Amino acid sequence: MLHVGGGAKIYPSDGCGTTLKMDPYGFLTILTGSSEIGQGSETVLAMMAAEELGIGLEKIKVINSDTNIKPWDVGVHASRTSFVAGNSLLGAVKILKQKLASRAAELLNTNEKFLQFQNGEIKSKKTGDSFKIDKVVRALHFKPPNELCEVSYFYEPSSKFQDKEYKGNVSGCYAFAAQAVEVEVDTFTGKVDVLNVFVGQDVGKVLNPMGIEGQIDGGVVMGIGYALSEEMIYENGYLLNPTFHDYKLQTARDIPEIHFYPIETNEESGPFGAKGMAEAPLVPTPVAIANAVSNILGVEINSLPITPEKVLRAIYNKSKNETA
Amino acid sequence: MTKYQNNKISYSLNGRKMEQEIPSSMLLIDLIRDELKLKGTKPGCLEGECGACTVLVDGLAINSCLFLAINIHGKTITTIEGLSGGEKVFDDVQQSMVNHGAVQCGFCTSGVVMAIKSFQEQCKRNNHKPDRNEIKKSLEGNICRCTGYVKIIDAVEALF
Amino acid sequence: MDFNTITPQSTADLLNVIQANQENNFRFGAGYTDLIPELQIQNEKGLIVINLAQLKDHDFTEIKAEKSGIRIGALATMTDTLSEENLRKIPVMIEAIESLASVQIRSMATVGGNICTASPAGDVSCALVALNAECEILNVEHKTRTISIKDFFTGVKTTVLKKDEILRSVFIPNLECANRTLSGFIKIGNRNSMEIALASLAYHLMLDENGIVTNAGVAIGSVAKSIMFTETACEFIMGKNIGILSEADKERFADLVMEYASPISDIRASAWYRSQALWNMCKSIFLE
Ligand SMILES: Cc1cc2nc3c(=O)[nH]c(=O)nc-3n(C[C@H](O)[C@H](O)[C@H](O)COP(=O)(O)OP(=O)(O)OC[C@H]3O[C@@H](n4cnc5c(N)ncnc54)[C@H](O)[C@@H]3O)c2cc1C
Ligand code: FES
Ligand code: FES
Chain P
1 MLHVGGGAKI YPSDGCGTTL KMDPYGFLTI LTGSSEIGQG SETVLAMMAA EELGIGLEKI
61 KVINSDTNIK PWDVGVHASR TSFVAGNSLL GAVKILKQKL ASRAAELLNT NEKFLQFQNG
121 EIKSKKTGDS FKIDKVVRAL HFKPPNELCE VSYFYEPSSK FQDKEYKGNV SGCYAFAAQA
181 VEVEVDTFTG KVDVLNVFVG QDVGKVLNPM GIEGQIDGGV VMGIGYALSE EMIYENGYLL
241 NPTFHDYKLQ TARDIPEIHF YPIETNEESG PFGAKGMAEA PLVPTPVAIA NAVSNILGVE
301 INSLPITPEK VLRAIYNKSK NETA
Chain U
325 MTKYQNNKIS YSLNGRKMEQ EIPSSMLLID LIRDELKLKG TKPGCLEGEC GACTVLVDGL
385 AINSCLFLAI NIHGKTITTI EGLSGGEKVF DDVQQSMVNH GAVQCGFCTS GVVMAIKSFQ
445 EQCKRNNHKP DRNEIKKSLE GNICRCTGYV KIIDAVEALF
Chain A
485 MDFNTITPQS TADLLNVIQA NQENNFRFGA GYTDLIPELQ IQNEKGLIVI NLAQLKDHDF
545 TEIKAEKSGI RIGALATMTD TLSEENLRKI PVMIEAIESL ASVQIRSMAT VGGNICTASP
605 AGDVSCALVA LNAECEILNV EHKTRTISIK DFFTGVKTTV LKKDEILRSV FIPNLECANR
665 TLSGFIKIGN RNSMEIALAS LAYHLMLDEN GIVTNAGVAI GSVAKSIMFT ETACEFIMGK
725 NIGILSEADK ERFADLVMEY ASPISDIRAS AWYRSQALWN MCKSIFLE
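Chains as they are written, first to last, in this note's numbering: chain P, 1 to 324; chain U, 325 to 484; chain A, 485 to 772.
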């Protein structure tokens, strides 16, 4: 299968940079290249760092919007943030931990490989002795070797430009989804109502269950808009419906029950086994709806959005053909 | 040159008595954001379609982008900034939104919260426990691009 | 958007203000949900808005049960109207109001504004036409005249109101006498909320104990220059038993309704769709 968008790497770099700073009080600042537009990347990045460093979420601040200071990233798209920025973060955390561990090993008089990061402490598994993480930071900074607890890392996911056969690899990982929908068609007006949407999706490892549900709900409903009502109408290059008055998003009264069945897998290349998942609920939705509508009508409607007018036209033409 | 007059109005804003002189044709959203500098109320469409600009006038949710500011004279205005305060970090509507993960980008959120507040008060007055369809109906004037509404509806349901 | 406002507090003030501005360019503002969007696009310099929002006169603001019907003040909002017990018995009215925009808009929009804006898509106006309502008009001499809402609209956005007149109230006559009603409002649109009707159908049929139609009101919206009362369709259905209507009768009824429709095509729907969907809906009301 050849993707119409090419299926190959597009940008020279699809990576993300991360800089981490831990201050003498044990507070961590994550400067990430990724952006937060509501998808919850701030939360999930902080969760990953908290898990790795054994510190509380309240000790972590994520800075992600100021392009004067933040490292490289290409933007929020392609369901890439948790995966790409997450891997970048984990790369940076690894270096930070090494730095802390080598100092902590000296302080605890033990070998780095016996050290554990938990409950805000660095602890020797062997002796049970521990140091608070902020104390280790101070020991790094205020005593020789007088180093700041700051590191940077850049992660570039594996991807390939297209070859002579137009084949390549656009992404570091892929999401798989199946969607089933139940719709109702009003044969008087042609209006389609979506009653139930069943989402079966490989989401990798679930890191933030509430966040994933939010992405699924939002994706499905955006997909319903794509299927039934959203359309930019142009005439001679002019957009005829530039406002919410005529460009119709779904309202709270248009939405179905959404049944989500997360299929947890372990994505080896992903942070903690996670993978990008947020577009997958959107893309199959219009297709499933179109199939459901054609299943009811016995006629296919091959353009989006499936407006009441197109449906009524299809019903009308079909009955005309049958009587003819 | 046509001269446009100013009008003196007095009203209550988030519990504070206010007095002001404003131009006749000023919209409530401009009074709130540009004069009072309360930026929690959002301009989305400025034509009554999205609900991001929702505030309460005498407890009723309205679109501040279609409301003439002079008509708040003698009335009580509540904006998102007026919901919490004192010991409460959040109003219970806001808390429920947080608990249910009903906020993504947040652009619709203050309008959604104000619409819910008005609905909650109305249900309380009538001693009514709304069902999911009534909750959806109460949210029809608020467009949300991100959440698909599901968690917002859950957040409202949990209030009753 | 720039204009001056005058805010009368009493009817006497109001009539003086109207009188004093006969030579000026003025508009009334009630709930402003039509006026502000309109003036945002086009606002003539020096416009005066006579602001009705603070008028304290029950005749303008209240909803009252009278002996022979219900009177709704022009300045009553949609939200006020929804909470009125007596109106709860008129499904066509309630359904039309509930289909209008959103909670927020309904708390601002007035019944009088919906009528005076004279949009062919006015939902509440469409219900009022089906209900055979009467408009009570007040002039600067403090005289009133009454005109059927069927004759109130003269075209898209135009009405019979003269410059020295204002709509004071609308009266819905005689609704109690029916044994049973078949009443409702159907709004055709692409989504379930926040729609301006592509086509709409308001119907209020009164039935006797056997299901015979004793009084009929059917109106259609968004398919002609103004809302249309479908006189001949109403006459046709009178005296018929709706429980045993033949398919041919239903189609005849729908055809008669459609004689009043002359829809246009625009980006929202084609004329074909508006007609076809409306014709189908006309037949569907007898399914209940
Ligand atoms: C987002 C949005 C959605 C909408 N959806 C719908 C809908 O679904 N269905 C629908 O029918 N309408 C809809 N409307 C239109 C509008 O809300 C209604 O027509 C409303 O009833 C108008 O009332 P108002 O009080 O706001 O009118 P205003 O804007 O105050 O006035 C409207 C017009 O009537 C005149 N006027 C008002 N009162 C009087 C009076 N007493 N005497 C003489 N003239 C008067 C004004 O001068 C003005 O020309 C919508 C509007 C918006 C902004
Ligand atoms: S800004 Fe007021 S409704 Fe969109
Ligand atoms: S949370 Fe983004 S629009 Fe609602």
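Rather than coming from a laboratory, the hints here were simulated on the basis of the structure. Misleading hints may appear alongside valid ones.
[As the list claims (entries may be wrong)] With a straight-line cut-off of 35 Å between C-alpha atoms, the simulated DSBU-like cross-links for lysine-lysine are:
no., chain 1, residue 1, chain 2, residue 2
1, A, LYS551, U, LYS448
2, P, LYS205, P, LYS143
3, U, LYS461, A, LYS647
4, A, LYS734, P, LYS318
5, U, LYS461, A, LYS627
6, P, LYS21, P, LYS205
[What the hints assert, rightly or not] Cβ pair distances, simulated, as ranges:
no., chain 1, residue 1, chain 2, residue 2, range
7, A, VAL640, P, ALA178, 32 to 40 Å
8, U, GLU345, A, ASP750, 24 to 32 Å
9, U, GLN419, P, THR243, 30 to 38 Å
10, A, GLU625, P, GLU235, 35 to 43 Å
11, A, GLU735, P, ALA178, 27 to 35 Å
12, U, GLY430, A, ASN725, 35 to 43 Å
13, A, ILE751, P, HIS77, 28 to 36 Å
14, P, ASN266, U, GLN419, 42 to 50 Å
15, U, ASP455, P, TYR11, 35 to 43 Å
[What the hints assert, rightly or not] Partial selection, computed: residues in chain U whose CB lies under 7 Å from chain P:
no., residue
16, CYS374
17, CYS447
18, PRO454
19, ASP455
20, CYS470
21, THR471
22, TYR473
Please read all numbers here as calculations on a predicted model, not as lab measurements. Glycine included, C-beta positions come from ideal geometry on N, C-alpha and C.
Non-conforming hints, listed in increasing numerical order:
Violated: hints 2, 3, 5, 7, 8, 10, 11, 12, 14, 15, 17, 18, 19.
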